[in-house]
Amino acid sequence: MAITKKFMYLNRRSSFGTVYAIESLEVVLIAAAFEQDVSLAFIDDGVYQIVEGQNTDGIGMKNFSKTFHALGDYDINKLYISKESLEERGLSESDIMPLVYEDEDDDWAEKSSIKVVSNDELKAIMSEQDVCLSF
Amino acid sequence: MKFAIQVNEGPYQHQASDTAFQFAKAAIENGHEIMRVFFYHDGVNNASSFTLPPQDDRHVVNNWASLDIKDADGNPELVVCVAAALRRGMLDESEATKNSIEGNNLHPAFRISGLGQLIEAGIQSDRLVVFGD
Chain A
3 MAITKKFMYL NRRSSFGTVY AIESLEVVLI AAAFEQDVSL AFIDDGVYQI VEGQNTDGIG
63 MKNFSKTFHA LGDYDINKLY ISKESLEERG LSESDIMPLV YEDEDDDWAE KSSIKVVSND
123 ELKAIMSEQD VCLSF
Chain Y
6 MKFAIQVNEG PYQHQASDTA FQFAKAAIEN GHEIMRVFFY HDGVNNASSF TLPPQDDRHV
66 VNNWASLDIK DADGNPELVV CVAAALRRGM LDESEATKNS IEGNNLHPAF RISGLGQLIE
126 AGIQSDRLVV FGD
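Just so you know, the sequences run in chain order A and Y.
Quick note on numbering: the first sequence equals residues 3 to 137 in the working numbering.
Quick note on numbering: the second sequence equals residues 6 to 138 in the working numbering.
Simulated from the structure, these hints should not be mistaken for laboratory data.
Misleading hints may appear alongside valid ones.
[Claimed, not checked] What the simulated footprint calls covered on chain Y by chain A, stretch by stretch (three residues with Cβ under 8 Å from a Cβ of chain A suffice, anywhere in the stretch; the number is not a length):
hint: 1; segment: 50-62
hint: 2; segment: 127-138
[What the hints assert, rightly or not] From the structure, some residues in chain Y lie toward chain A, with a derived Cβ separation under 8 Å:
hint: 3; residue: Tyr45
hint: 4; residue: Ala88
hint: 5; residue: Ala89
hint: 6; residue: Asn110
hint: 7; residue: Ile124
[As the list claims (entries may be wrong)] Take a look, some chain Y residues computed to stay more than 10 Å from chain A by CB distance:
hint: 8; residue: Gln27
hint: 9; residue: His37
hint: 10; residue: Thr102
In this text the structure is predicted, and so the values were computed from the model without any measurement.
The beta carbon of each residue, even a glycine, is placed where N, CA and C say it ideally should be.
Bound-form chain Y, shown alone:
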């Protein structure tokens, strides 16, 4: 089955991202496809390359990156909503440059795009599964 996933909560504060990750991992291991994971609301914080949990804790951001979810052309399909990301201080290099801000924090396994990607995922997948409160 072709799944799309939406993650609506940030890491560590809330378990939604962990549960979504475990779901995605299990789906892939069982031969299903995760065509896209879309991060919205505080979920955009799951993409921060500045995330540094203590050694004995799971690394939520690296967990997502380890799934290596990409399209046929090798572009990341871990997609962060641009409007939600920018208002929460989550920037890739291009957005940082465009807005004259020093530094950027989008992990390279993710990409920033628009909400249209969420709707497209809903249309193209067999199931869209939402994780959050």
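Looking at chain A on its own, in the form it has when it is part of the complex:
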């Protein structure tokens, strides 16, 4: 019987500057084929990864932020954002990309994948995970 575990990908660094963000997203996309219960968390500078309107024209790096829009098609629709991390950086939910998924249990209604949560709530969600991959 196939085993389903709760996998969380914890994103702690900004999109550019180091390779962790893009290589984390590569893991998430590959992992989608394994049909596990997947969620993503964005804390600390990781919240910058999903800020709307990224532009890499001047730095010669691939702008992979658009790839986050594909996550909904892979049934990855639990993206937890740390409220405190947003506030510490002068950001709010309106700065975040409008990432959505279609809910097959609700006549394919389009719903937001973004869930802004407090660090205390995030702590509780993390403690429910079987596997937590930190990037």
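Using the hints, position chain Y against chain A.
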């Protein structure tokens, strides 16, 4: 207990690989199983057979090789992510030939494979332990 390990940092620059090695060694000595070690990000550089530290320093690559972590069929379970490896110039013979590059540098105690091996390790192990920043 059945452990899987992920190593995210390169050797010598960062202590993560040394700590992961000490953890794996201690786990095996205490009767636990290390079912797989997965090298990602700059961690792929832990598999370079071209590594030549000075005599009085530890040899990180040979340390990993000494653990002799293999599956039941004798295949190495020190696994290097293919995408992370190729973009950092870490090649086994087959990848070098395929890409018409002379020479290769993957230590024979390691093998190159895909990210699916990391997820599979997360599913099949009791604990996946990540080492890195």
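Verification of the hints:
1. 50-62: Violated - the segment 50-62 of chain Y has 0 residues with a Cβ nearer than 8 Å to chain A, which falls short of three.
2. 127-138: Coverage by chain A holds for the segment 127-138 of chain Y (6 residues, Cβ < 8 Å).
3. Tyr45: holds (7 Å)
4. Ala88: With Cβ-Cβ at 6 Å, under 8 Å, it holds.
5. Ala89: Hint on Ala89/Y: holds, closest Cβ of chain A at ~6 Å, below 8 Å.
6. Asn110: It is violated, given that the least Cβ distance between Asn110/Y and chain A is near 20 Å, above 8 Å.
7. Ile124: Cβ of Ile124/Y sits 5 Å from chain A, so the hint holds.
8. Gln27: holds (19 Å)
9. His37: The claim stands: His37/Y keeps its Cβ more than 10 Å from every Cβ of chain A (closest is about 18 Å).
10. Thr102: holds (25 Å)
Hint compliance for this structure: hints 1, 6 are not met, and every other hint is.
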